[in-house]
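Engineer: Letter by letter, the chains look like this.
Number of protein chains: 2
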Amino acid sequence: MSDLTRLLRPASIALVGASPDATKLAGRPLAYLKRYGYQGRIHPVNPKHAAIDGVACSPSIQALPRDIDLALILLPAHGVVQALEECAQQGVATAISIAGGFAEAGAADEQHKLTAICQRTGIRLVGPNCVGLLHPAHGITATFSSELKNAMPRPGKVALFTQSGALGNSLLQSFNDLGLGLAYWVSTGNEADIGVLELVEHAISDDGVELIALYVEGLKQGHRLLDLARRARAAGKAIVVLRSGRSQLGRAAAVSHTGKLAGAWKVWCDVAAQAGILTVDNLDQLLDVATAFDLFGYPSRDGAAGLGVLTISGGLGVLISDAAADVGLELPAFTAQTQAALRSVLPPQMSVANPVDTALFTDEKGYSLCAETVLHDPAIGTLLLVLTRLAHDYTALLPWLERLSGEARAMGKRLAVSYLSSSDTLGAPERRQLVRAGALVLPTAERVVGAIGRRAMAARVLPAGESAGAAAAGGTVEDFLAQARVPLVSEGVFGDVAAACAFADTHGYPVVLKVVSPDIAHKSEAGGVALNIADAAALQAAWARMQQSVAAYAPQARITGYAVQPMLRGGFELIVGCSVDPELGRVLMVGAGGIWAEVLDDVRFLALPASPDEITRALDSLRVAPILRGARGQAPLDVSAAVAAIHRLACQFHADTGVAEVDLNPLLVRPHGQGAVALDVLVVPVSSPPKE
Amino acid sequence: MSDLTRLLRPASIALVGASPDATKLAGRPLAYLKRYGYQGRIHPVNPKHAAIDGVACSPSIQALPRDIDLALILLPAHGVVQALEECAQQGVATAISIAGGFAEAGAADEQHKLTAICQRTGIRLVGPNCVGLLHPAHGITATFSSELKNAMPRPGKVALFTQSGALGNSLLQSFNDLGLGLAYWVSTGNEADIGVLELVEHAISDDGVELIALYVEGLKQGHRLLDLARRARAAGKAIVVLRSGRSQLGRAAAVSHTGKLAGAWKVWCDVAAQAGILTVDNLDQLLDVATAFDLFGYPSRDGAAGLGVLTISGGLGVLISDAAADVGLELPAFTAQTQAALRSVLPPQMSVANPVDTALFTDEKGYSLCAETVLHDPAIGTLLLVLTRLAHDYTALLPWLERLSGEARAMGKRLAVSYLSSSDTLGAPERRQLVRAGALVLPTAERVVGAIGRRAMAARVLPAGESAGAAAAGGTVEDFLAQARVPLVSEGVFGDVAAACAFADTHGYPVVLKVVSPDIAHKSEAGGVALNIADAAALQAAWARMQQSVAAYAPQARITGYAVQPMLRGGFELIVGCSVDPELGRVLMVGAGGIWAEVLDDVRFLALPASPDEITRALDSLRVAPILRGARGQAPLDVSAAVAAIHRLACQFHADTGVAEVDLNPLLVRPHGQGAVALDVLVVPVSSPPKE
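These protein sequence lines map, in sequence, to chains A and B.
Just so you know, the first sequence maps onto residues 7 to 698 in the working numbering.
Just so you know, the second sequence maps onto residues 7 to 698 in the working numbering.
Only chain A is shown next, with the shape it has when bound in the complex (with noise of 0.2 Å):
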């Protein structure tokens, strides 16, 4: 593991092309770090100045003293490649490149140059294209952020990462106004060099984190993430991810099924909940997260996690039932106790169930009784009230509401605070001194739901995966097989109908016929399978059949020969795929096999390594498991023989290089005690796709 403590909390900040004039890019960050009390020693690298605002100048680089932390390259594009060389020479432990002009722009070779530096040289370098970072609790402003002209974010718990820098900005403009803690941010660009998952390995090993927060457009090395957040996990800390480019990731061009189901979008979702990271749709939705984490921490397993609700509306409590259920979070019914304190209060016509209507049928103090008796139940861990001005005089309330949420904090409890109608929410000031009591305050009842059942699924129970047994790489595509100890279905591959016949006599009529090419990946398209094949005389004539159909499908194919195999009864088709995902690495795929693996898309994705339990749950997960485990009166199918086959395989296909994709189409699940056995296996090696 690499330390990015001097990154990230530098002792010496060199400021390479600094600017006298704090209104260009290249002179905010000395009068940010003069500005918010930044304690080590700032050097501004200028030929033409003796000293910036009081501070002496370096003339060059190689001026510098050897001990430089971070260097912050304020030079546009042209002159990085040298600046980051001189850094490096000079003994520079890190540097951040501001300057676009790279990759994005379609200049790949240079920013290539930087990349091969930092490997050559051993400085660490964030950006080139990017706002540089920001670590509030020692005034470390190596930014040119628009933002800290207005205000530095509090410090706090809060880790965020951003691939785009202006999202980032906007995202510290919420910082402020929300009054939400932020541990730093850094703004991470091109990632020529330190991409966000180096720095959440970091944050990891930060006790000041509790939350990683990151905006993701696309993961270099994201083979790491399953590890990284399985060790957050273990360390009790939450990740949440805002990633875009749903709508532009497509589908694969891939030889095998797997590879053709792997929208990349698909394996993004299915690899993140196996990793038990939270994913968010906008940025609103990231910040509520970050605010809930900020506030409350990260939950505990202890003590009541139930929503108890107070608002005037009976309608809104049914829409915000609604939108606890999407997320999983519990509105418990109130004891007998809590029930009778309530109907002391309210009108016999209104129910004292959860969500509690009060109408307008209570006065200021009958309104916080009902508040205190909710607050007080002991499945209640969050109180939200959901304030209205039609009914609630806000000044009034706001003392009562910081007494409230004190009381709640004292009790392990927490305040949570919404209203009727978004157009009717406290003023930025009264809401900030709600919050700084402790309370999550947000416009909508929704949101309030969302933050809290996001927070709450960070501490939900997931079985870890094991790490995967060892596997030798193999070699040819029979090794790969017989290492992965795949179950094939005995099978006789014949060049003339005669033997075919023969085989089929001795080993059992019904039969299947499959042509084998190695030009042809998907048979059924080339009416080159025939099922059920009763005798003699029919396999002669779906041989000849099948013969003419394969011509006209695909003329040029090579015809290897035609395999016998017999005809298995019973049991469920399942498809199992191996492919790498060139973001996240050698995955695993299983779904519904045969004909459904088109038709339905019922398909789960696991990053590998993978455990027996992940595939089984992953299994579990299909639309059609009930089928796996006995539907309608069927008999249930060995599962765990399918499960103990594919984990082989991914094993093997973990530690084997050579092999860049395999399908098993179908694996045949048998019933129970029957094993599973693969009707058919297309194993594509590196760089050898066929051809069709």
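Derived from the structure by calculation, the hints contain no laboratory data.
Hints may contain errors.
Copies of the same chain look alike in the list, so a pair counts if it fits in one copy or across any two.
Dumping the calculated DSS-like pairs for lysine-lysine here, alpha-carbon to alpha-carbon at most 25 Å [said to hold, decoys possible]:
#, residue 1, residue 2
1, K272, K163
2, K163, K30
3, K155, K371
4, K371, K30
5, K155, K226
6, K119, K226
7, K371, K163
8, K272, K371
9, K119, K40
Since the structure of chain A is provided, determine the placement of chain B on it from the hints.
Structural biologist: Relative to the frame of chain A, chain B by itself:
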């Protein structure tokens, strides 16, 4: 069709129980009528006062003139029945009762008395347990709505009907805050007489209405929804619905598969889609759609529909593309001319594709040039500008934005504005100023995209369903099947196995054996289905096994006999069902049948009557549709025969009120030209459910 004009635009209003204390609920309506300039006659009814605030009182309802259009009954529950009766006797046309304490509080009998008075006398009633109604264009404030203490929404083209009074009130707050125009609002409460759908019907025929917005908790006479939605579309009006309760609407207790699959929420979603109704998930989405209609009107089918986006963050551009794809909104490519004009402003490393990221590279002049360039692109109908104070001076921008919106409208185009951060919005007065200039202003770009996308959906061509053919109402189950001309597989039912074997010999093996019992609805679970029986010996063995398993499963079941059918091969099994939804009335269900019926839950519901086109579209929207149309080189199936059979069944079910549920499971769709045949049929007459 009833005419609700005297309710919604009364020339005279009686206030029964009006209070001289304007701070009390019963005192507010008079104060509001005077404040907001109602021009009709006002008649407070109060024996204790000669006049209230200068308006002469009637001492009793009997003392009112005989031509009152609307009586607002402000009395508590115990006085309402008598007051409504007196109003009816006095010739009052319509009434509103605000009192709670009826069906919602367990007093259904009292509420029935109100319904009975309406039915007997012809007086029409809104409520009880409601907040009243509001018609801003005419100063009609027959309501105690607290929001009217603040302001009256401006007159507009959005009709709002809400079953929750408090949520309606909160929407009024938002209408005021957003400067949104309101045609009228009715809070319908318990709907003892007039429900939301009757109000929808009135609004469809009102030229002043373009959008009908509903908050609904449950529909009475929901079977009218489909017809009303079609009439609305024909009249160039859209309907948008926020429906609560998806977490509470469970599965119906039913005998047939159809009934069991009919979770009312799924039925609701399918029928709303069938009708072309816009659905939203929360109050803000409802307001966003209303705002888009208020500003931009009903979407024209002419003119450019595409969205052009100017942002300062490439990351947000990707998020906007994602959101647009979700609602089917196009971000068209720019013309070469547009791209060249953008290129002249932006530096070479920046892309000039839609969405355009200007980053921080433009000054005010360059930015306005980019905006005007995109606005003039022929493919662009709406220009979205994403603002941020980090780059823009909002105060300086405002006059230009107003001009730009005017320029857009002059071209038949539109301007929309949102922000990089929802913490960085325009202030409320500036926002309203921009809205008055015709721009759509929402806090996030996702909300702009959602509002514009949903508005565009309203104009999407949806082939109208034909009305169904007439069908005679049947008597017995046999009559029903005969009149629906259900194509049934040939079948014999036998009490002894020898007769069964004789039938099988005649019709040919393989055959299927099934138990026949009025007490067993689900044969598979009972072990009462054996497939693919090859010969007489196998039939005898299956017969014996089935007797045992059926006896074990349902020892008390009366066994009519055992049915023998030829085993048909090839094709795909659908499930087709008819049932009565408690809200939406007679519905048809089509989906994947046989074992897949329960596993996949791949079904679509249609409200009846449904046309053959609608049935075809429903089948084509199933996940298994590729199999019907010929997946993986298989022959296409006889879908048109299946549609014809399903349509006949649906017509008959629509007409025959003696039948409560029907299942064809499976309806085997055979290869093209070979028709469709039901292999099993269950018909449940009204109120005689079979037991198990």
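Engineer: If a hint holds in the structure, say so; if it does not, say that too.
Structural biologist: Tested hints:
1. K272 <-> K163: neither (31 Å within a copy, 42 Å between copies)
2. K163 <-> K30: neither (31 Å within a copy, 50 Å between copies)
3. K155 <-> K371: Answer is between; shortest inter-copy Cα gap is 23 Å, intra-copy 45 Å.
4. K371 <-> K30: Answer is between; shortest inter-copy Cα gap is 19 Å, intra-copy 56 Å.
5. K155 <-> K226: neither (33 Å within a copy, 58 Å between copies)
6. K119 <-> K226: For K119 and K226, only the intra-copy Cα distance (18 Å) is at most 25 Å; the inter-copy one is 71 Å.
7. K371 <-> K163: neither (37 Å within a copy, 41 Å between copies)
8. K272 <-> K371: Classified as neither; 52 Å inside a copy, 43 Å across copies.
9. K119 <-> K40: For K119 and K40, the Cα distance exceeds 25 Å both inside one copy (33 Å) and across copies (78 Å).
Hints 1, 2, 5, 7, 8 and 9 from the earlier list are contradicted by this structure; the remaining hints agree with it.
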